[in-house]
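Colleague: Sequence:
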Amino acid sequence: MNILLTNDDGIMAPGINILAEELSKEHEVLVVAPDVERSATGHAITIRTPLWAKEVRVGNKEIGYAINGTPADCVKLGLLAISNVEIDLVISGINRGPNLGTDILYSGTVSGALEGAIMEKPSMAISLAEWNNPKYETAALFVVEFLKRFDIKNIPEFTALNVNVPSLDPVDVKGWKVTRQSRRRFRDYFEKRKDPYGNNYYWMFGEVVEDDPGEDSDYAAVRAGYISITPIYAFMTNFDFMEKIKKDLRG
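Heads up: the sequence shown begins at 1 in full-length UniProt numbering, then just goes up one per residue.
Warning: the hint list may mix true and false statements.
[Unchecked claim] Just the calculated beta-carbon pair ranges, DEER-fashion:
| hint | residue 1 | residue 2 | range |
| --- | --- | --- | --- |
| 1 | Lys244 | Val56 | 49 to 59 Å |
| 2 | Glu86 | Lys148 | 13 to 23 Å |
| 3 | Pro50 | Asp172 | 44 to 54 Å |
| 4 | Ser83 | Lys61 | 18 to 28 Å |
| 5 | Phe241 | Glu55 | 44 to 54 Å |
| 6 | Ile82 | Val36 | 14 to 24 Å |
| 7 | Glu191 | Glu157 | 14 to 24 Å |
| 8 | Glu191 | Pro213 | 26 to 36 Å |
| 9 | Glu215 | Val171 | 14 to 24 Å |
If you're looking for bench data, these hints aren't it; they were derived computationally from the structure.
Remember, it's a predicted structure, so these values are computed and weren't measured experimentally.
Heads up, the beta-carbon is just placed ideally off N, CA and C, and yes, glycines get one too.
Assemble the whole structure, with the sequences as input and the hints as a guide.
Modeller: Written out as structure tokens, the structure is:
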């Protein structure tokens, strides 16, 4: 397959490079990723400044193209301008840290995959649910095995797979679970501080709220040692509530 690979941690991040190396053993991989970390940029795109694509090499090895934009920019540019072949699959990751519950609304990683879905390509977002000791190899090996067992052409249009991998050795992963997006979210607060000139500034902090413990939820699966695979959709209409509004307005 021809795979377009992006992320939000930046083109030099270990996650994307380990994944590119593993995928390149069996597939053609084009890396188009942000030049620096673009975490929590959501689905932002660049419309008022030009985008530069710089070829990156480490020693004699070509890494890919570094873009001065967001993950969604990278996918657009990769599909529409840089690639000279038909891309079969868009993968965003491997992200350092989980993308569970409402994380997907903020995540540049997930937005990279959703941009691929919007552009009518089978797409996946891959995140490793660990900050301090990420075992990227576990997630990379999962992707390679998943692509052997699952026909990506079966992913419906405008849909992406949001995958979260526990940071365990491969032998300790219990398996895969198809899950739903949970209500996992953050309860945010700001800490007020003063700079040396007496001006106020604020740091945002947050506490994770996990009050949706059903076995089919994304974070419950990861916590239990399973890889979570959640189909997510680019369109967010609440159809049940839409019908209720229609009924209420009819009186």
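Colleague: Would you mind marking each hint as holding or not holding in the structure?
Modeller: Hint by hint, here is what the structure shows:
1. Lys244 x Val56: 49 to 59 Å: Holds, since Lys244 and Val56 (Cβ atoms, about 51 Å apart) stay within the stated range.
2. Glu86 x Lys148: 13 to 23 Å: holds (21 Å)
3. Pro50 x Asp172: 44 to 54 Å: Cβ of Pro50 to Cβ of Asp172: about 46 Å, so the range 44 to 54 Å holds.
4. Ser83 x Lys61: 18 to 28 Å: holds (19 Å)
5. Phe241 x Glu55: 44 to 54 Å: The hint (44 to 54 Å, Cβ to Cβ) holds, given that Phe241 and Glu55 are roughly 48 Å apart.
6. Ile82 x Val36: 14 to 24 Å: About 19 Å separates the Cβ atoms of Ile82 and Val36, which means 14 to 24 Å holds.
7. Glu191 x Glu157: 14 to 24 Å: violated (44 Å)
8. Glu191 x Pro213: 26 to 36 Å: With Cβ atoms ~29 Å apart, the hint holds.
9. Glu215 x Val171: 14 to 24 Å: The hint (14 to 24 Å, Cβ to Cβ) holds, given that Glu215 and Val171 are roughly 23 Å apart.
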